[in-house]
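Colleague: Protein chains in written order, with this note's numbering: chain A, 1 to 546; chain B, 1 to 95.
In case anyone wonders, no lab produced these hints; they're calculated from the structure.
It cannot be assumed that every hint is accurate.
[What the hints assert, rightly or not] Keeping only pairs whose Cα atoms sit at most 30 Å apart, straight-line, the calculated DSSO-like set for lysine-lysine is:
1) A/K474 - A/K433
2) A/K433 - A/K495
3) B/K28 - A/K474
4) A/K325 - B/K28
5) A/K360 - A/K110
6) A/K360 - A/K433
7) A/K314 - A/K381
8) A/K473 - B/K28
9) A/K314 - A/K429
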Amino acid sequence: MYRYDQYDQAIVDARVAEFKDQVGRRLRNEITEDQFKPLRLMNGLYLQLHAYMLRVAIPYGTLSGTQMRMLAHIARTYDRDYGHFTTRQNIQYNWIKLEQFSDLLDDLSKVEMHAFQTSGNCIRNISSDQFAGAAADEIADPRPYAELLRQWSTLHPEFSFLPRKFKIAVIASDSDRAAIQLHDIGLQLYRNADGVTGFRVYVGGGMGRTPIIGKVVREFIPVGQFLSYSEAILRVYNRHGRRDNIYKARIKILVTELGIEEFTRQVEAEWATLEPLGLDAPQAEYDRIIAQFADPAYEIGAPDTIDLSDPDFKLWVDQNVHAHKQPGYAIATISLKPKSGIPGDASSAQMDVIADLAEKYAHDEIRVTHSQNLVLAHVRKVDLYAMWQALAAADLATPNLDLVTDIIACPGMDYCTLANARSIPIAQKIAAKFENSISEQRDIGELKIKVSGCINGCGHHHAGHIGILGVDKKGEEAYQLLLGGSGAEDASLAKILGPGFDENGIIDAVDKLIAFYRSARSAPTERFLDTYRRLGAAPFKEAVYA
Amino acid sequence: MPRILTGNRLETGDVLWWHGRCWSTQIKDAVEIGAEGEALLASLIAAERINDPTFIEVTGEPGAFVPTTTRERVRASGPSVRADLARGSLSVEAI
Chain A
1 MYRYDQYDQA IVDARVAEFK DQVGRRLRNE ITEDQFKPLR LMNGLYLQLH AYMLRVAIPY
61 GTLSGTQMRM LAHIARTYDR DYGHFTTRQN IQYNWIKLEQ FSDLLDDLSK VEMHAFQTSG
121 NCIRNISSDQ FAGAAADEIA DPRPYAELLR QWSTLHPEFS FLPRKFKIAV IASDSDRAAI
181 QLHDIGLQLY RNADGVTGFR VYVGGGMGRT PIIGKVVREF IPVGQFLSYS EAILRVYNRH
241 GRRDNIYKAR IKILVTELGI EEFTRQVEAE WATLEPLGLD APQAEYDRII AQFADPAYEI
301 GAPDTIDLSD PDFKLWVDQN VHAHKQPGYA IATISLKPKS GIPGDASSAQ MDVIADLAEK
361 YAHDEIRVTH SQNLVLAHVR KVDLYAMWQA LAAADLATPN LDLVTDIIAC PGMDYCTLAN
421 ARSIPIAQKI AAKFENSISE QRDIGELKIK VSGCINGCGH HHAGHIGILG VDKKGEEAYQ
481 LLLGGSGAED ASLAKILGPG FDENGIIDAV DKLIAFYRSA RSAPTERFLD TYRRLGAAPF
541 KEAVYA
Chain B
1 MPRILTGNRL ETGDVLWWHG RCWSTQIKDA VEIGAEGEAL LASLIAAERI NDPTFIEVTG
61 EPGAFVPTTT RERVRASGPS VRADLARGSL SVEAI
């Protein structure tokens with residue numbers, strides 16, 4: 001994985017020193033909160049319902065055991081012994097003290113981590129496929145390109161004050177595990193008919209208040225020119241994106257208002273002026289970064305079979321383990337959705353366990369998924385059983401990946417000032433109905449339930465097979481029910497099914513939906529989403545509201 | 001409807017309620033704010049040591065005030081999903 005060079009570290013050190021000075025000035029009352037707030041937000045520090053919340057960037061969701069151990073240290077030393085992995089592949093801490101913040105930043109920077117560009121109207125953390133570099137279906141590791149984007153976008157002076165926040169995702173396979181069509185820019189690496197590697201470029205996707213599926217702005221941009229092309233997109237957005245209305249400021253609104261043809265024309269015209277300037281990284285820089293994502297030293301001839309005689313282990317392998325491109329290896333997903341758990345939360349002790357296991361069994365790499373789980377991407381099949389036992393001892397071996405209890409939930413009104421309703425208790429109550437029977441969960445099959453506590457959609461409710469949106473109804477928590485969303489390669493936006501519910505009502509409604517689906521599916525292998533697409537909303541609506 | 005004064009401590013982010021002479025981390029200590037509140041609020045804003053000082057409406061009696069909004073009840077209780085982090089003077093059930 002990528003290691004900082006002297007320039008990366010110098011940038012982080014300078015920014016940390018700058019913000020430490022700003023924190024000190026605020027604590028000494030030399031600047032007002034109005035002056036300080038935009039500065040702290042640019043450094044990932046929010047003031048939430050109970051305390052300061054810090055969002056730490058995890059570039060493209062990849063981190064080392066050393067970095068995970070530092071995240072555990074942060075949780076233990078500066079927070080309340082846990083952290084929350086987010087749908088942006090980052091981690092948040094909920095109980096940060098400003099007076100300790102300088103020490104915290106120093107600790108983070110020791111392991112090449114920081115918190116800037118995790119908030120504010122800038123290019124946010126670049127996200128990617130959690131199976132990158134290990135997936136059998138990818139044409140290359142997408143992360144070197146995500147890393148180039150990280151370097152290009154870090155403190156980019158032209159794009160530090162965009163009309164609104166900007167999110168980019170990069171993948172390199174036809175299976176979309178990063179929801180690229182729901183990003184401001186989505187990049188899919190592929191080989192064209194001539195065998196040349198480049199990107200299909202989507203633009204203007206997003207969830208939130210105005211959910212839109214991204215459109216293709218360019219079918220193919222050679223890999224050596226994708227940075228200048230991205231710059232052209234950002235320039236058009238920065239020039240014409242609306243700054244007069246926060247609700248219409250995202251690039252998706254600009255693309256919609258201009259139309260994709262006119263937007264494309266403007267981007268191409270901008271790129272025609274940019275491309276000759278030589279803004280793209282030289283081949284040597286590509287080579288330098290790609291080399292840092294070289295395959296780990298796989299054991300050639302590692303046994304390619306797994307002893308599945310332990311039924312509990314077999315269950316976990318069946319559900320949470322995926323094929324690896326290297327014979328003898330597997331990709332293991334660690335569910336952060338245990339029984340009665342909080343989606344995405346991990347204690348410092350659990351983080352330490354995961355760091356140890358990554359170093360011992362997984363070539364020292366951990367991935368964070370946008371579904372709020374973790375991945376150990378390079379595990380020898382012969383090591384899976386021992387690793388699973390260690391995970392189970394730490395309550396990290398729940399075999400529920402992509403099942404009904406593997407629910408995404410934003411922090412909601414238990415933590416977030418923006419939320420209209422609580423998300424976590426909804427996820428917990430739905431999960432409680434199924435979490436005692438893995439066989440029932442497996443019978444239901446793939447079912448992605450996503451819960452957001454407000455219209456901003458951090459819980460990705462518009463991409464849920466079942467989406468739940470918390471709303472305020474005359475001061476009381478209420479919930480809208482949406483069906484039919486997908487963040488995968490078959491991207492679709494969930495639509496509201498009917499009138500909303502109170503807390504108990506939404507739990508019952510989901511129960512009815514699942515019962516109806518099981519009675520109506522054409523075969524046990526037909527997913528909830530496919531049954532919905534085949535039958536349409538009407539019978540589901542009748543099942544819930546009749 | 002009674003109103004009380006709340007905010008967050010600059011140094012720690014702690015949720016606070018005004019109890020007449022200074023600040024408490026327990027809503028049970030909050031006092032009802034009368035007409036003197038505007039001057040108090042203005043002085044707090046000028047002092048810049050409490051973030052987001054604001055009045056909130058409550059029901060009930062002194063010692064047992066309950067905010068009228070769910071958001072403020074969560075602030076007073078602590079996260080409803082972490083009983084171990086509860087503040088203690090407003091139960092999760094009151095949310």
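Colleague: Holds or violated: A/K314 with A/K381, Cα cutoff 30 Å?
Modeller: holds (13 Å)
Colleague: Assess, step by step, whether the Cα of A/K433 is no farther than 30 Å from the Cα of A/K495, and give holds or violated.
Modeller: holds (24 Å)
Colleague: For the pair supplied as a hint, B/K28 and A/K474, is the alpha-carbon distance within the 30 Å limit?
Modeller: holds (26 Å)
Colleague: Does A/K433 sit within 30 Å of A/K474, going by the straight-line distance between their CA atoms?
Modeller: holds (29 Å)
Colleague: Are the Cα atoms of A/K473 and B/K28 separated by 30 Å or less?
Modeller: holds (27 Å)
Colleague: Are the Cα atoms of A/K325 and B/K28 separated by 30 Å or less?
Modeller: Measuring from Cα to Cα gives roughly 60 Å; hence the hint is violated.
Colleague: Do the alpha carbons of A/K360 and A/K110 lie within 30 Å of each other, as the hint requires?
Modeller: holds (22 Å)
Colleague: Taken at face value, is the distance from the CA of A/K433 to the CA of A/K360 at most 30 Å?
Modeller: violated (36 Å)
Colleague: Under the criterion that the straight-line Cα-Cα distance not exceed 30 Å, is the pair A/K314, A/K429 satisfied?
Modeller: holds (27 Å)
Violated hints for the displayed structure, listed by number in ascending order: 4 and 6.
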